[in-house]
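Chemist: Protein chains in written order, with the numbering used here: chain Z, 61 to 311; chain P, 20 to 291.
FYI, nobody ran anything at the bench for these hints, they're computed from the structure.
Note that the structure is a prediction, hence the values are computed from the model and not measured.
A couple of the hints might just be wrong.
To give an idea of the interface, some chain P residues facing chain Z are shown, with a C-beta separation under 8 Å as derived from the structure [as the list claims (entries may be wrong)]:
no.	residue
1	Q43
2	L162
3	L274
Cβ coordinates follow ideal geometry from the N, Cα and C atoms, glycine included.
What follows is the residue order along each chain.
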Amino acid sequence: MILKCLLVGIWAGFCGLDAFGPQFQFRKPLLAGTVTGLLLGDLRTGLVVGGTLELMWLGVNAVGAYTPPDVTTGAIVGTAIAALTGGDVSVGVTAAIPVATLMQQGIILLKTIRNVFNGWAEKLAEAGDFRKLDQLQVYGVLLTFFMYAIPCFVTIYVGSAAIQSLLDVIPAWILTGLNVASKMIPAIGLGMLLNYMLKKSNWQYLVLGFAFANYLGLNLFAVSIIAIGIAGMHCCLENKEAQSEEGGLDL
Amino acid sequence: MENQKRLLTKKDLLKMYFRGYCFQSTQNFERMQAIGFLSMMTPALEKIYQDRPKEEKVRAMKRHLQFYNNHNTMNHFVVGLCSALEETTDEDHKELLTSVKAGLMGPLAGVGDALYFNTFYPILASIGATIALEGNVLGAIFLFLSFGLINHGSKWLFLKLGYEKGMDMILSGQGNKVISYMTTFATIVGLFVVGQMITSTVSLKVIFEFASGEGVIQIQSLLDKITPKLLNVLLVGFCWWSIKKTDGKCITKLLYGLMALGILLSYIGFLG
Numbered sequence: 061m062i063l064k065c066l067l068v069g070i071w072a073g074f075c076g077l078d079a080f081g082p083q084f085q086f087r088k089p090l091l092a093g094t095v096t097g098l099l100l101g102d103l104r105t106g107l108v109v110g111g112t113l114e115l116m117w118l119g120v121n122a123v124g125a126y127t128p129p130d131v132t133t134g135a136i137v138g139t140a141i142a143a144l145t146g147g148d149v150s151v152g153v154t155a156a157i158p159v160a161t162l163m164q165q166g167i168i169l170l171k172t173i174r175n176v177f178n179g180w181a182e183k184l185a186e187a188g189d190f191r192k193l194d195q196l197q198v199y200g201v202l203l204t205f206f207m208y209a210i211p212c213f214v215t216i217y218v219g220s221a222a223i224q225s226l227l228d229v230i231p232a233w234i235l236t237g238l239n240v241a242s243k244m245i246p247a248i249g250l251g252m253l254l255n256y257m258l259k260k261s262n263w264q265y266l267v268l269g270f271a272f273a274n275y276l277g278l279n280l281f282a283v284s285i286i287a288i289g290i291a292g293m294h295c296c297l298e299n300k301e302a303q304s305e306e307g308g309l310d311l
Numbered sequence: 020m021e022n023q024k025r026l027l028t029k030k031d032l033l034k035m036y037f038r039g040y041c042f043q044s045t046q047n048f049e050r051m052q053a054i055g056f057l058s059m060m061t062p063a064l065e066k067i068y069q070d071r072p073k074e075e076k077v078r079a080m081k082r083h084l085q086f087y088n089n090h091n092t093m094n095h096f097v098v099g100l101c102s103a104l105e106e107t108t109d110e111d112h113k114e115l116l117t118s119v120k121a122g123l124m125g126p127l128a129g130v131g132d133a134l135y136f137n138t139f140y141p142i143l144a145s146i147g148a149t150i151a152l153e154g155n156v157l158g159a160i161f162l163f164l165s166f167g168l169i170n171h172g173s174k175w176l177f178l179k180l181g182y183e184k185g186m187d188m189i190l191s192g193q194g195n196k197v198i199s200y201m202t203t204f205a206t207i208v209g210l211f212v213v214g215q216m217i218t219s220t221v222s223l224k225v226i227f228e229f230a231s232g233e234g235v236i237q238i239q240s241l242l243d244k245i246t247p248k249l250l251n252v253l254l255v256g257f258c259w260w261s262i263k264k265t266d267g268k269c270i271t272k273l274l275y276g277l278m279a280l281g282i283l284l285s286y287i288g289f290l291g
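Next comes chain Z alone, as it looks inside the complex (with noise of 0.2 Å):
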């Protein structure tokens, strides 16, 4: 019994480690379920949970820096409990919700943990060595596959009734505050990216992009065909003024 949750825990690390990576997309429910259900020696039961589940979350993706709730330890712990439990589909849904909902404040949790990365990228850079970069990396994909591989292989091991009275432990309003910081977080980064872009003469664009997305309700890609548009002119416009003045590029 333990080595077979040790060994679906194992998946679990690298299903997330494809969420962070190469997207093969292992991590999505017919293929996590499927190999978990092969690992638990049950392969229809994995097809069929992870089929279901799959057809059930098709619309569920990470947008932008939205986290959704997490499929891929729904599936995976919703699996293995229909298999170990006599392969009835409807348990294994039932028990991949709430898990792929806990699981979202874990992700939440690991980007946030991740943060301290930077101000250590930052260290090594001054050193001006590529190479020394890669070890975050390692660290990364390290905290990743446990961060995943972890949770279910307890969550399967002691059965989803014990992780829920953990759960009820830990007070709400710490979990509520991460979600509420880590959604104040990304401002800092474009701080950072206006630091280097805005000037004196350019300010007119941000507010023109933040107009866009605030009044018309348009979204990224809309606001960015508009930009390109405004961009282009601009640019044209330039190169007709040095056209004049010294031959400008023939666009």
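Got chain Z; can you put chain P on it based on the hints?
Modeler: Structure of chain P alone, referenced to chain Z:
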């Protein structure tokens, strides 16, 4: 003949492709995929900066540690293009890199999500899942092979395309002027993108309200009457201002400060 001018070989590009396998393993809220991006650029940067002084290497590393968030697949195009730009620009024109990255991440992420996550994957996955529901393992194998091929074929192609087309464009003669216009163009698009992201990547909502007479006054709706997303603007503005004032030294303090502030304000029921 043109190949002589090119520093990076197919082998270097291949190394960069495989580094893409860990692209997001350090992804975080503050700068998203910045470290992963620099790590993918490493084979190119090592070759390009081989004989350059240490300060330039340090600057190159810091340059690519800026906030960056793109679609996992489309990112390969940016990596390829940035390698070409790093190879051909001199030290005075390096700000182009930051602008190009900021300008491209918006549109490319949009296309990538629409194409790979919302078109290719759902179609292939629903076929695969339907076959799998009958207990047939071919459904899973089909999904793995078909999506893997499309996704990874695209990645390699984008990386190659970005580098080679980028080099062609810059080496086509009026190199300096192309670079100067690209900088202007990319900065404008980049600023639009940041303007949009102020409303979408950052999110703050005041849930605090108090009773006044017979009604309830919600702070958030008062703020929205001035302008929606006012707090987002103030927060990003504050971050920008303090980074500028301290020349980037306050970033770590900002990070922990914001985390503490977020948890505190949510605990007292002000933000939610």
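Chemist: Is the interface hint for P:Q43 satisfied, with its Cβ closer than 8 Å to some Cβ of chain Z?
Modeler: holds (4 Å)
Chemist: Checking hints one by one. Is P:L162 an interface residue toward chain Z, by the C-beta closer than 8 Å rule?
Modeler: holds (6 Å)
Chemist: Per the CB criterion, is P:L274 less than 8 Å away from chain Z?
Modeler: holds (6 Å)
The structure is consistent with each of the numbered hints, conforming to all of them.
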